[in-house]
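Asks: Below, each chain spelled out in residue letters.
2 protein chains.
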Amino acid sequence: GATGRTAAVSRAFWGRPARVLVLLFLSVIMLGTGLLMLPAAQGGREVSAVEALFTATSALCVAGLSVTGPVAHWSLFGQLVVLGLIQVGGIGIMTMASVLGLVVIRRFGLRMQLSVQSEQRTLNVGDARGIVLRIVATSLTCEALLALVLIPRMWLAHGMPAHEAAYSGLFHSVSAFNNAGLSLYGDSLTRFAGDPLVLGPVALATVLGGLGFPVLLELRRHLSTPRRWSLHTKMTVWTSLLLFVGGMVAVTALEWGNPATLGALPWPQRLLDGAFHGVMPRSGGFNVVDVGAMESHTLFVTVMLMFVGGGSAGTAGGIKASTFAVIWFVVWAEVRGHPQVHAFGRRLSAGAIRQALSLTFLSMTVVAFATIHLTAISPFPLLDVLFEVVSAFGVVGLSTGIAPALPPHGQVLLTILMFAGRLGPITFASALALRERTRRYDLPEGRPVIG
Amino acid sequence: GATGRTAAVSRAFWGRPARVLVLLFLSVIMLGTGLLMLPAAQGGREVSAVEALFTATSALCVAGLSVTGPVAHWSLFGQLVVLGLIQVGGIGIMTMASVLGLVVIRRFGLRMQLSVQSEQRTLNVGDARGIVLRIVATSLTCEALLALVLIPRMWLAHGMPAHEAAYSGLFHSVSAFNNAGLSLYGDSLTRFAGDPLVLGPVALATVLGGLGFPVLLELRRHLSTPRRWSLHTKMTVWTSLLLFVGGMVAVTALEWGNPATLGALPWPQRLLDGAFHGVMPRSGGFNVVDVGAMESHTLFVTVMLMFVGGGSAGTAGGIKASTFAVIWFVVWAEVRGHPQVHAFGRRLSAGAIRQALSLTFLSMTVVAFATIHLTAISPFPLLDVLFEVVSAFGVVGLSTGIAPALPPHGQVLLTILMFAGRLGPITFASALALRERTRRYDLPEGRPVIG
Ligand SMILES: [K+]
Ligand SMILES: [K+]
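Keeping their order, the protein sequence lines are chains A and B. Heads up: the first sequence begins at 1 in the working numbering, then just goes up one per residue. Heads up: the second sequence begins at 1001 in the working numbering, then just goes up one per residue.
The hints are simulated quantities; they were obtained by calculation from the structure and are not laboratory data. The hints are all genuine.
Listed next, the stretches of chain A that the computed footprint assigns to chain B, with coverage defined by at least 3 CB atoms under 8 Å from CB atoms of chain B: (1) 325-337; (2) 351-364; (3) 375-385.
On the chain B side, residues computed to face chain A include the following (Cβ under 8 Å): (4) MET1304; (5) ALA1313; (6) SER1322; (7) VAL1331; (8) GLU1334; (9) ALA1350; (10) ARG1354; (11) LEU1357; (12) SER1358; (13) LEU1362; (14) ALA1368; (15) THR1371; (16) ILE1372; (17) ALA1376; (18) LEU1382; (19) LEU1432.
Listing some non-contacts, in silico: residues in chain A with all C-beta distances to chain B over 12 Å: (20) VAL88; (21) TRP155; (22) LEU184; (23) LEU223; (24) PRO404.
Using N, Cα and C, we set each Cβ at its ideal position, and we do this for glycine too.
Sequences are here, hints too, so could you generate the full structure?
Replies: Pasting the structure below:
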């Protein structure tokens, strides 16, 4: 019966959570691809199997890249399939990653505010159910609040008919909170450029979704007492703040005089649009100026922001803010000559350091090889290809526009990158953490010359 | 008197070795800049102060980049100044880095074959003197042997007059063993392309000089018994072998069909020239095909090889083979779920791992910021700028040709990068290692979510 199946699924999940996560995502992608290949989904436009697979993966992995133009090119049915995949993907990844994070945290007996954890001692199916319910409630609440701001604004200030504003507001609310970055429009949110009442709420929802569920939960409980935040929340919040401010300043300053992007605008709009583009690389993926027209050094800064990404167990991608922070706490401790790595009153474990290093270098390797291969099989400059590869691997969705022009096997490579970028860091890092054992010093210590 | 001054210098060195090293290099660069600004040094061509500074730094740091064309553009006096700077720089960096490495190794009481160490128990000025003498002897021997091959070959097979062959052979021998990569000719060694009797010995001397003095010394003693090699030698030799083979295969394969580089050549020459260009990024810096005409993905592969560089305490630059190896041993241990990081029968210390990570990320940060800045102030594509920046920081000397066209403050930035790339990794890593203390666990352990 249904209860037996549920029990079997939950046993399988606790046994090999990462494998179940990958299989579930693969199944939903196959389902989505099948639905998008139905004639009813295609708005009078022939879509190949590769394009349907790419779109389904991009939606479910909330990656946001597109090879078939804007979402509005699909029929209404197709659009709803995409919207459904975004919602399922966002909630799915938040749930799975939160539960995996909970398993890791429990394994080490460390403090982290994950709702049910503080009430019960053992981890069971009830925990997971509680987490799912809270995540669904949080997601729907945030999306509804955003839609309540966007819909009247689109209707009253941007001249949309009421029903169109309602649909567009809802679609972009879901896309924003889930950090999908997929838009109904071919130029993303460019038509709302300079409107703080659209861009501000969209950016805020993107940031919240990108912080990750564990952080959101802690912020709701202890927003005004940062002293009580867990190490993970402190790291994620402060690193994110630093990267947001740095990204906003860098993008705005570097594009300030570029007539093809910010240069032609009045300065308040330059500030607003520039700030928006400083936030979006950390997995939001919407744009209000033409990314392909940006200066190459701005693209490079954006690549770095996209690679780092957002918070763990959220809808953002990348190696994650906490991973990035661990690396810099190590560097900082070394530069000061401290024998231990301290962060916010805690000593970082050697295991966490090794995992951060491993995840970062494996990610760099994936990005490098994919970039070399895609550059070799396409006519585009290396920087544009690197940008698209990091955008796919970091599930960001910003693009200089080359994805639709890639040969089919290049599009398949991007599809694999989106999938690997969505599930790789989470499953890899949690698998490593769960396997971590106490150290037995079995070999004599060795030391090569470094540098 | 002289003895008193020597004693004072040696006390100062043992007190703050890294600072003395930096001051010595700065003084010689100033001296070299002064000499190159003399009218007698300039072969009928006006040279600015920035260009003289750039050339002196490039020669002393054996970096190999040029903003004044080939070395032959200088008068004979100027050429001899450059040659002298290369020789002093090569021997100087090998000596200083070896002594620093020795200090580090002794500090940890670990086994490493550094000549005098096995004979005496305490480290004193005599050690340093012994090391200097051995390094001078090794350098001059290798350079003489290379010249004995190059001179007759240039004379008999390349139609040079005997005196020209003698001078050219000598110059390029010194430039090759010291990994300077500076050539008398505007197109580097292109005129010898396809000649295995020139390219082979040049590549071999480059590889030997780039392995580093500690490794060379151990190889001479225990070449046939790899089992007896120290951890550092094993790491450096095997990583170098892997990177050489990988580089040769990658460059040859990626350029195979490029008519502007290898594509137009008969296939044996494609293999030879391609292999040569797989070796040269690891700091040699000579070229036999036009680097500016290479495919952009080949340039990207070359950038990665240049960033890693060669062996510690040698004439090569980059973060060094051992640093790169430590990172991958960490990744490999994590992937296999091993609680310790093992390499060649030794357990890598947490300190060495943190230092490797810190050096690598600080280097990446320097490269990224320099690339962004230089791209913003010049009209060149980001990839070309990245290539030039990594070539300067890794003291390689390969170039797509943009350095001479940069504005003066861009050339000054490259000069700083060459200096920082030459001395930074050595002084930074040894300073960290010397400061490393025993761990006292003073704070409770914390663990953020990674990935
Ligand atoms: K996205
Ligand atoms: K060089």
